[in-house]
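Listed below are the residues making up each chain.
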Amino acid sequence: MLGFVIQRFLQAVVVMAAMSVIVFVGVYAIGNPVDIVIPPDATQDIREDAIRRLGLDRPLWEQYWIFATNALQGDFGRSFVYNIPVLELIGSRLPATLELVLISVVSATVLGVTLGIYAGYRPDSRISKTIMALSVLGFSVPSFWVGLILILTFAVSLGWLPAGGRGETVELLGIRWSFLTLDGLAHIALPAVNLALFKLAMMIRLARAGTREIMLTDTIKFARAAGLSEATILRRHLLKMISIPIVTVFGLELGSTLAFAVVTETIFSWPGVGKLIIDSISVLDRPVMVAYLILTAALFVTINFTVDLVFALIDPRIRARRTA
Amino acid sequence: MTDIVPEPAAPEKSTPAPRAVSPFARFWSEFRESTVAVVALVVVVVLCLLALFAPLIAPQDPYDLSRLSLMDARRPPGFVGTGGYTHLLGTDPQGRDLLSAIMYGLRVSIQIGLAAGGVALAFGAGLGILAAYLGGRIETLIMRIVDLQLSFPAILLALVLVALLGQGKAQLIGALVAAQYAYFARTAYGAATAERRKDYIEAALATPLSGRRVVLRHLLPNCMPPLIVVATVQIANSISLEATLSFLGLGLPVTEPSLGMLISNGFPYMMSGRYWISVYPGVALIVLIVAINLVGDRIRDQFNPRLRR
Amino acid sequence: MTEVLRVEGLKTHFHTRAGVVKAVDGVSFSLEEGEILGLVGESGSGKTVTGFSLLGLVDPPGRIVEGSIRLKGQELVGADDRTLRARRGRDISMIFQDPIATLNPMLTIGQQMRLVQEAHGRITHRAADARSAELLSRVGISSSSARLRAYPHEFSGGMRQRVAIAIALLHSPAVIVADEPTTALDVSIQAQILAEMKTLVAETGTAMIWISHDLAVVSSLASRLLVMYAGRVVERGPTAAVLRQPKHPYTEGLIASLPSSASPGAPLRQIPGTTPSLLALPPGCPFAPRCARADAACAIRPDLSEIGTQTVACHHPGPSHTRVPA
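Residue numbers (my numbering), protein chains in the order written: chain B, 959 to 1282; chain Z, 11 to 319; chain G, 2 to 327.
Do not rely on the hints blindly, as some may be mistaken.
Simulated crosslink set (DMTMM-like; lysine to aspartate or glutamate; CA at most 20 Å straight-line) [as the list claims (entries may be wrong)]:
| hint | chain 1 | residue 1 | chain 2 | residue 2 |
| --- | --- | --- | --- | --- |
| 1 | B | Lys1087 | Z | Asp311 |
| 2 | G | Lys73 | G | Glu4 |
| 3 | B | Lys1087 | Z | Glu43 |
The set of hints was computed from the structure by calculation and includes no laboratory data.
Go ahead and model the full structure; you've got the sequences and the hints to work with.
Listed below in structure tokens is the structure:
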């Protein structure tokens, strides 16, 4: 097991190094950041001074080296716009995003797996067909459009829920959270539903496909032949066998939902990292862009790494192969 | 479980001898069995025709700024404007007839979707088949990159690329291709490796046939069914992704409004109850995407041997 | 000997879009305590569906449309799901061809055996585990209490099939339906398991229906044979008699195609043609198109008739006059 962990860890490090090079070259080598930090009417002297200060006169590999060593120490530079350390900026926005994403993914998974198992267990029932039709919709309709409709319905027409912002927050463990107050919950409801819907469709499809496949296996036939009740078969056999794909997708979805939150946060003016990156892209705040991309990459690598580990923990077959 | 039900459509149903039907005809007769899919296909075709002939049938040329009047701006559906005709779906903040804007928007969206989907298909499938055909280190390298990219959300990639490359049709298509080619590569690679391991390819490779012939005559045709399915889905995805990017203000330049941009333009007016500016372009977008996906779903079911009856 | 199972006129049909598939079309037989009945036939002859019908586990669109299954005197056809479930595992159980597919890879052997015991009444873990260990050692798995904590992948194919057999035996059922349980195994392991099954049946008094396409395997085990073709019984009788003097040309073909009955160097005999599609059965004897004895009489479906100890459905039974062409 330890060997497996180490091997996976090294792989993750290599991927991170490669990602950082790509992001750095991609973002820094295109365009000229000097134009943003100095006023357009600045003299040549000021301009050259700025170039030296930013280290832009050095060769690319040297710039990267400086950037990488700084980044490893947690220094991603300062935001051009907010003029505070990028990491601090992102850190201040992260809880809002995390809160939104976790609520969405967890509820989408619980509900999606339940509905999916039902639809897979009784594929011909009318309820199942309705579930599946809705999931096609959830899959195809762009998330921003769902957001608009949610606002139009619940905020504009009915006036039940606020259309944007985080609402009242409460500090817990030094971080401000929305979900602990009633007002905060009201604010998080629409964005969370928006973000969850797409994932819900995905989870339904996954759970349904898994259920259909598993219900046809000899394992289930054998369990039936031994007189197990359908409830026991679903609870003990099916749920256990379906957990592998679900856990994998849950992990991967956590990451992609973080990315997808970009759209939802923009629509609902949710002050998270996603809104920050959109704002930064539109004003070309490069340090923020680089840091966001590298941190996102790091997040994905970490998630993949964790999923592999969890995978190895829940599947006895893989556990055996790794230890052997 | 060797003999639960003998295959009902058993090929040995010898009498009467089946007439020779082309694979396409057989495919179509199977496709026709699903009413939903047929309706969806009709919708897709109608929308494509609307887009194609927009200059001929649209009440107004929404790009001709001289024809627009601010007097007509943000009028509700059914309003008779200065042009003397009824704006069936109302007008947008610039005084454009929304119906016309939607037809032209469909044009842009479908164009982008087809272009991005097509290029991604050619590039991705080529890469995947190449990896499967060459094998060895190149295979490992290509597929590592593809897998790495697949684990990264497409929307984020497209977002960053558009931000870096700047606005414009070509840039947007480039970003969409970069965000989506990996799906094609994975699919083609999967189908091609599965096929390559089969004996007949080994046999073909052992003959003096050129490698190119083997790829063209054997590998490629066998990768087509899954690729067609992925292509339908990805065209829909491209359209949806483009709309999302345009909505976020990162898509096409304002001079060529796609459906996404029309929706985005109307968003600020939604709060004040002028819903139609966003809603109608949105409905057009949704109908297009859902219809393409439904057609794709049907094709997938037809190609899936496990669901075959 | 007491009769534990009597099947009469069993018909299991599948209502598909292409038409009605009569997978089992009038099968009758009986089974006595501790007896092994061999159910032989090609793929598609309906033998597996017969097995599933006995447990009430035919998947839709299949359905038992007619006939009677009396297990220990009680009728199963038409019984509700609860009754059927209560009898499955306790009075009748089933083992399958592929031991890798039958056991849940995510649960330990002990957990799976516990589930089966809990399905028929409350039982403490300790008692359940004790019973499981007892049965594992009975099927030849030593140090079995430790093996209870193992996962299926830690066993070899033959061992897994033994575990499956132990699970099927947990409630000492009256009947076990074994659907090609040794087909997926190595020949040497197959022989071992066959020998063990014989002993087990003798010891426990459990009757067994051994479904196989392999006449050689079945004849080493079963005291009586039931040969199925296209959903119907074509021949039935004591194994020795059927092997020595097959009455039905299909049975004769099966025996002739056994490698052991060929003289060295001579080509193996085979039955010409393939199993007919059950959707498009010829109106008369379904075997007629492949039969060398077929004539005008075969346009009418033959009924089962008794000849000595055997029962056969053929217009021209008995030792063949013209050899089945190779």
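Here is how each hint holds up against the structure:
no.: 1; hint: B:Lys1087 <-> Z:Asp311; verdict: holds (15 Å)
no.: 2; hint: G:Lys73 <-> G:Glu4; verdict: holds (7 Å)
no.: 3; hint: B:Lys1087 <-> Z:Glu43; verdict: holds (17 Å)
Going through the hint list in order, the structure satisfies each hint without exception.
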